[in-house]
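Letter by letter, the chains look like this.
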Amino acid sequence: MQLNGVPIEDTYAEAFPAVGARVLITAEDERWAREAAQSFTGFATSVIGCGCEAGVEGVDPGETPDGRPGVSVLIFAMSKKGLHDQLIKRVGQSVMTCPSTACYNALQGESWLSVGGKLRFFGDGFQFSKVLHGMLNPAGGRARRFWRIPVMDGEFVVEDRFGVAKGVAGGNFLVLGEGLQASLQAADAAVKAMRRVPGVIMPFPGGVVRSGSKVGSQYKFLTASTNTAYCPTIRRQVQSALPDDVGAVLEIVIDGLTPEAVAEAMRVGIHAACREGIKGISAGNYGGKLGKYHFRLHEILKSGGRT
Amino acid sequence: MTAQPMEEIVLTFKGTRGSTIPLEADPITPDVLQLKFRPEIERLPLYHGNEQVLLGDFFTVKGERSNQIRVQGDLSLVKNIGAGMQAGRIVVEGNIGMHVGARMSGGEIEIHGNADDWAGAEMTGGLLWIKGNAGNRAGSAYRGSKYGMRGGVILIEGSGGHEVGGYMRRGLIVVRGDVEDHTGARMVAGSIFVLGRLGARTGGGMKRGSIVCFHTPDMLPTFRLTSTYTPLFIPIFLRSLQARGFSVSEVQRARHFTRYCGDMAELGKGEILVCQG
Chain A
138 MQLNGVPIED TYAEAFPAVG ARVLITAEDE RWAREAAQSF TGFATSVIGC
188 GCEAGVEGVD PGETPDGRPG VSVLIFAMSK KGLHDQLIKR VGQSVMTCPS
238 TACYNALQGE SWLSVGGKLR FFGDGFQFSK VLHGMLNPAG GRARRFWRIP
288 VMDGEFVVED RFGVAKGVAG GNFLVLGEGL QASLQAADAA VKAMRRVPGV
338 IMPFPGGVVR SGSKVGSQYK FLTASTNTAY CPTIRRQVQS ALPDDVGAVL
388 EIVIDGLTPE AVAEAMRVGI HAACREGIKG ISAGNYGGKL GKYHFRLHEI
438 LKSGGRT
Chain B
36 MTAQPMEEIV LTFKGTRGST IPLEADPITP DVLQLKFRPE IERLPLYHGN
86 EQVLLGDFFT VKGERSNQIR VQGDLSLVKN IGAGMQAGRI VVEGNIGMHV
136 GARMSGGEIE IHGNADDWAG AEMTGGLLWI KGNAGNRAGS AYRGSKYGMR
186 GGVILIEGSG GHEVGGYMRR GLIVVRGDVE DHTGARMVAG SIFVLGRLGA
236 RTGGGMKRGS IVCFHTPDML PTFRLTSTYT PLFIPIFLRS LQARGFSVSE
286 VQRARHFTRY CGDMAELGKG EILVCQG
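Going down the list, the sequences are from chains A and B.
Numbering-wise, my numbering puts 259 at position 122 of the first sequence, and it's gapless, one number per residue.
Numbering-wise, my numbering puts 49 at position 14 of the second sequence, and it's gapless, one number per residue.
No lab work stands behind these hints, which were simulated from the structure alone.
These figures come from a predicted structure and were not determined experimentally.
There may be inaccurate statements among the hints.
Computed footprint of chain A on chain B; a stretch qualifies when at least three of its residues, placed anywhere within it, have a C-beta under 8 Å from a C-beta of chain A [said to hold, decoys possible]: (1) 195-207; (2) 271-279.
Below, computed lysine-lysine pairings styled on DSSO-like, alpha-carbon distance capped at 30 Å [unchecked claim]: (3) B:K304 with A:K255; (4) B:K304 with B:K181; (5) A:K357 with A:K329; (6) B:K304 with A:K226; (7) A:K218 with A:K351; (8) B:K97 with B:K49; (9) A:K439 with A:K416; (10) B:K242 with A:K255; (11) A:K218 with A:K303.
Cβ atoms here follow ideal geometry from the backbone N, Cα and C, with glycine treated the same way.
Here chain A stands alone, though its shape is the one from the complex:
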């Protein structure tokens, strides 16, 4: 299969079940909402090294509960407990600390995690709770509790509970370019297109990762190491997967709230990445033995994103 003259390898991305939450951060203006979101999603590229994967959702969150500018953030972890820990830390340290912000749940989850309900103790007994009755909640008739924690610029408002949904982590594809410039431009274009898909994030810096990994290492203490088959500088020393004309490979990793959203993001991303200077598109997997989800590149491109 080829797209714009770029060969698409007949392979698949292997992804894993995850649990996710959607956090809506509002502030006096968009700049401060983005500052908080950037801090919240910092050091959240890989669950293995960071405990979670998080990113700013590219789509406009629309109307926010308090009517102020807002930024939507998705965060994924391998377990509810892991997600809970990360939410408390990140809302507490990155959102509550940021001037003028407030933090709301933006996901009708399958289960719930107490976040504001834990952070409220920072109010040292002067915290207030306000419950919006389910009959006044246009989104689903569920009562919503907000905690008002006194802080030095006024009050930090944080929702009591955040919804948790099953999601997908680790959808991916590889952009094989003739050189770094070509791969960078293609990956950048892909990420820009993918950010228009709701319900997905690309958690690595700028949405792109250059240090793809494989399971295991020659060192006993290391569980993952560089993806030698895709490293162009050692292609003659290992069993390389790279054609001779490939000079740089970049990977785009996708986490999403549904497999359909991940597949759609992969589809638009691959379409955008297939441009001049790109010699092939591939995907990372572990032989199909580890991940529950297999996103076959050919099927995604033929089916218009549906898996």
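Knowing the structure of chain A, use the given hints to seat chain B on it.
Same frame as chain A, now just chain B:
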């Protein structure tokens, strides 16, 4: 053959035949009527003073087995409609007597008229929407009770009487018009929004809870000014009210509120927030 449930039960009040004695209509709740056929509804016992009467003596009944009830007529002397209801919906077309929706825990009551005293008293859930004026002690506690309203929402499009939300423990009361004295007296928690003017001694004895005012009330000396800021829960509530169809357009852009904490003669963790524009 099983009868199909009707869409709505319509009860039309025939009047009290010149009597000024109130009619106590406790069984008029969706919980009771939804399981009954029309003859059973007509045979439900009501009290007219100390005399037991039948519902059919005072109401014509159309429909059966529905949790949607429409009550028509001037019901100013009919008490306890919807009291203790748990689910369903009652629409009252006219004025209604005392204790409407008192101690209700769920469902909705919509009154296209005025409601007399004790509307939604000690309610724990549901929505009581009064399109006209409310009497005294809406959402309040009965004498001797520790707490008033403990959940749910009361929306009053007209004015409220004395002691709105007295001893309130949880929930929301919104009054678009003016209220009389002692609003939120001895409240323990919950929120009261008054878009109109307030009478004397607002929040007297309150321990916790919020009274949001859009006109400056006469502040008791036991309340202390803390600061002027933007409490974000107010736009959240106002936007939700607007979305629900309760127009707050005249105050929706309000952002700056002065916060008074009190009552310092009590616990002092309550607040009166006064809109500054």
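Status of each hint after checking the structure:
no.: 1; hint: 195-207; result: holds (count 3)
no.: 2; hint: 271-279; result: holds (count 7)
no.: 3; hint: B:K304 with A:K255; result: holds (20 Å)
no.: 4; hint: B:K304 with B:K181; result: holds (18 Å)
no.: 5; hint: A:K357 with A:K329; result: violated (39 Å)
no.: 6; hint: B:K304 with A:K226; result: holds (28 Å)
no.: 7; hint: A:K218 with A:K351; result: holds (26 Å)
no.: 8; hint: B:K97 with B:K49; result: holds (13 Å)
no.: 9; hint: A:K439 with A:K416; result: holds (20 Å)
no.: 10; hint: B:K242 with A:K255; result: holds (23 Å)
no.: 11; hint: A:K218 with A:K303; result: holds (13 Å)
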